[in-house]
Amino acid sequence: MNPVWDYVKKVEPHLPAGQRMQTAGALYTQLKAKKDALEKSLGRKASEAEIADMLRAEGDPADVGARLSKAPGEPDLVSRYLASVERRLPEANAKDIVAELREALAGRIEAREQETGRAATADDVAAVLKGFGHPVVVASKYAGHDYVIGPNYYPWFWHVQRIAVGAAIAIAFGLVALRALGADEPMRAVMRGIGGALEAGIWAFGVVTLLFIAAERTKLDMKWAEKWDPKSLPREHFRKPKSIFEAAISLFFDVAFILFWTRVLSFPNQLPLRDDSSVSLVLSPAWAVVYWPILALAVLAAAGHVHDLVRPAWTRVRSAMSIVGYAGGLAVLWVLFRAGPLVEVRPKPDTNPEELARAMQLVDGIATWSLAVTAVIWGVTIGVEVWRQVKATRPLGRGAAMA
Amino acid sequence: MPISGDIIEALRLELRRGTLILAVLGTLRTEKYGYTLKTELGALGIEIDEGALYPMLRRLETQGLLTSEWREDAKRQKRFYKLSADGATALQQLAAEWRAMNGALSDILEGRGS
Numbered sequence: 001m002n003p004v005w006d007y008v009k010k011v012e013p014h015l016p017a018g019q020r021m022q023t024a025g026a027l028y029t030q031l032k033a034k035k036d037a038l039e040k041s042l043g044r045k046a047s048e049a050e051i052a053d054m055l056r057a058e059g060d061p062a063d064v065g066a067r068l069s070k071a072p073g074e075p076d077l078v079s080r081y082l083a084s085v086e087r088r089l090p091e092a093n094a095k096d097i098v099a100e101l102r103e104a105l106a107g108r109i110e111a112r113e114q115e116t117g118r119a120a121t122a123d124d125v126a127a128v129l130k131g132f133g134h135p136v137v138v139a140s141k142y143a144g145h146d147y148v149i150g151p152n153y154y155p156w157f158w159h160v161q162r163i164a165v166g167a168a169i170a171i172a173f174g175l176v177a178l179r180a181l182g183a184d185e186p187m188r189a190v191m192r193g194i195g196g197a198l199e200a201g202i203w204a205f206g207v208v209t210l211l212f213i214a215a216e217r218t219k220l221d222m223k224w225a226e227k228w229d230p231k232s233l234p235r236e237h238f239r240k241p242k243s244i245f246e247a248a249i250s251l252f253f254d255v256a257f258i259l260f261w262t263r264v265l266s267f268p269n270q271l272p273l274r275d276d277s278s279v280s281l282v283l284s285p286a287w288a289v290v291y292w293p294i295l296a297l298a299v300l301a302a303a304g305h306v307h308d309l310v311r312p313a314w315t316r317v318r319s320a321m322s323i324v325g326y327a328g329g330l331a332v333l334w335v336l337f338r339a340g341p342l343v344e345v346r347p348k349p350d351t352n353p354e355e356l357a358r359a360m361q362l363v364d365g366i367a368t369w370s371l372a373v374t375a376v377i378w379g380v381t382i383g384v385e386v387w388r389q390v391k392a393t394r395p396l397g398r399g400a401a402m403a
Numbered sequence: 001m002p003i004s005g006d007i008i009e010a011l012r013l014e015l016r017r018g019t020l021i022l023a024v025l026g027t028l029r030t031e032k033y034g035y036t037l038k039t040e041l042g043a044l045g046i047e048i049d050e051g052a053l054y055p056m057l058r059r060l061e062t063q064g065l066l067t068s069e070w071r072e073d074a075k076r077q078k079r080f081y082k083l084s085a086d087g088a089t090a091l092q093q094l095a096a097e098w099r100a101m102n103g104a105l106s107d108i109l110e111g112r113g114s
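Residue numbers (the numbering used here), protein chains in the order written: chain A, 1 to 403; chain B, 1 to 114.
Careful: at least some of the hints might be erroneous.
[As the list claims (entries may be wrong)] Pairs of lysine-lysine residues, derived as BS3-like cross-links and limited to a Cα-Cα distance of at most 27 Å, are as follows:
(1) A:K242 <-> A:K231
(2) A:K141 <-> B:K82
(3) A:K130 <-> B:K32
(4) A:K34 <-> B:K82
(5) A:K10 <-> B:K75
(6) A:K10 <-> A:K45
(7) A:K95 <-> B:K82
(8) A:K95 <-> A:K10
(9) A:K45 <-> A:K35
(10) A:K141 <-> A:K219
These aren't lab readings, by the way, just hints derived from the structure by calculation. Since this is a predicted model, take the numbers as computed values, not measurements.
Generate coordinates for the entire structure from the input sequences, incorporating the hints supplied.
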């Protein structure tokens with residue numbers, strides 16, 4: 001049983017909600033000190049009646065609450081303004097800052113009263129507060145950081161977003177679509193891939209944004225950004241980099257091919273015939289010789305497309321990857337071409353021999369022609385790529401500077 | 001096309017931002033509280049928003065350039081600010097920087113030395 005505490009509890013509902021705890025606490029401390037002083041002067045513990053007398057002298061709890069709700073003589077608008085600022089201040093020194101602002105505002109209002117020659121009206125006070133600034137703005141200036149992502153970090157923000165969102169979209173699209181490929185029809189697999197990619201993109205954007213906000217808050221050291229070599233800048237005046245979409249699609253097909261090649265995935269290999277039967281096509285033993293080279297080339301191609309996503313520029317390394325890839329591809333084609341039939345047609349027991357011969361001729365023709373056309377395309381591509389490299393290494397000046 | 005007022009205003013604010021701190025530090029070689037600091041600067045033609053002045057004073061104090069104390073003045077508790085010893089050193093360095101820049105700018109703006 002603590003009569004002082006009971007009294008404070010009666011005052012509490014009359015205090016402004018925002019500062020109820022603090023004000024009530026302060027009142028309790030104050031009354032407790034009074035009671036202690038009383039007991040000291042009495043030289044003994046105060047009786048219940050004596051404490052009740054002391055508390056009665058304080059006044060009606062509602063009046064005390066109203067009195068404590070605002071500083072003496074402070075207009076209601078100022079209290080509301082200060083409470084609004086205080087809510088947004090760092091807790092450690094909020095009280096101190098508010099006390100200073102209260103004094104500053106009182107000074108302003110007084111100055112205005114001297115100007116107008118009359119007591120300040122609510123409009124006068126409102127004008128002073130307006131001149132001081134919105135509570136959100138005033139409080140934010142005490143926070144010590146003006147930016148969510150400031151000028152030191154902002155230039156890198158979109159650069160990193162591009163890489164992160166691009167990679168997330170490509171990887172998610174690849175993974176989701178591949179997982180769906182086996183089970184569903186292709187369209188649904190693609191739609192699911194797009195949904196997964198969008199979700200991953202949004203996540204990546206959010207995570208990168210949070211990391212940048214954290215960097216700004218902690219004033220992360222950006223000295224590493226000064227370590228860059230102008231010589232490694234992409235040669236964009238020779239060749240535009242691949243778009244994220246292009247690179248992502250290429251990567252998707254690379255991964256699909258690697259999975260097919262390593263037999264993680266299988267695709268239908270039935271060729272329908274005119275007699276309503278079908279034959280299955282399988283790769284001939286000629287391919288076994290180049291199994292590892294082809295896998296290596298596919299991985300190289302995938303690495304190149306990952307490079308395009310992460311660093312979309314035709315650097316010397318990227319061009320070299322491309323040239324090596326196509327040259328390796330040509331070598332593989334040459335081996336295959338010399339090794340003979342590329343595809344074996346496996347007949348079913350009841351297949352008409354005539355139909356079978358026709359199917360074999362057709363398949364072999366298509367395969368040979370495909371190889372020849374591919375070889376020509378790759379040959380030309382290598383030529384162009386090498387020519388670009390030669391042109392790019394020529395000293396800037398005459399031709400290159402004009403391009 | 002004439003330059004818009006907004007652009008001029010933005011440039012003006014940018015130009016003033018750094019010099020305000022110098023003005024505040026210089027004025028606080030003698031102790032003052034917020035309101036007199038503002039009016040004193042205003043009388044010299046340097047207007048500063050109070051909503052910006054008080055946070056700036058706090059920041060400068062946190063950085064150790066100012067010291068402050070609560071004291072009663074004209075029957076009200078006021079927070080008085082004064083340049084600290086570190087602040088005086090900083091002011092000296094900043095003032096030298098300012099004078100050098102001012103000299104260079106004068107030369108440029110008046111077309112000398114080019």
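Status of each hint after checking the structure:
1. Proximity of K242 (chain A) to K231 (chain A) is assessed by CA-CA distance (about 21 Å); at most 27 Å being required, the pair is judged to hold.
2. For the suggested pair K141 (chain A) and K82 (chain B), the alpha carbons sit about 21 Å apart, so the restraint of at most 27 Å is met.
3. Pair hint K130 (chain A) plus K32 (chain B) holds up; C-alpha atoms about 24 Å apart against a cutoff of 27 Å.
4. A threshold of 27 Å between alpha carbons decides the hint, and for K34 (chain A) with K82 (chain B) the separation of about 37 Å lies outside it, so the pair is violated.
5. As the CA atoms of K10 (chain A) and K75 (chain B) are separated by approximately 32 Å, the hinted pair breaks the 27 Å bound.
6. Restraint check for K10 (chain A) and K45 (chain A): satisfied, since their Cα atoms lie roughly 24 Å apart, inside the 27 Å limit.
7. Taken as a hint, the K95 (chain A) and K82 (chain B) pair is honoured in the structure, with Cα atoms around 21 Å apart against an allowance of 27 Å.
8. This hinted pair checks out: K95 (chain A) and K10 (chain A) have alpha carbons roughly 24 Å apart, not beyond 27 Å.
9. Of the supplied pair hints, the one linking K45 (chain A) and K35 (chain A) holds, its CA atoms being roughly 9 Å apart against a limit of 27 Å.
10. A distance of roughly 17 Å separates the Cα atoms of K141 (chain A) and K219 (chain A); the hinted pair therefore holds under the 27 Å criterion.
The structure shown violates the earlier hints numbered 4 and 5.
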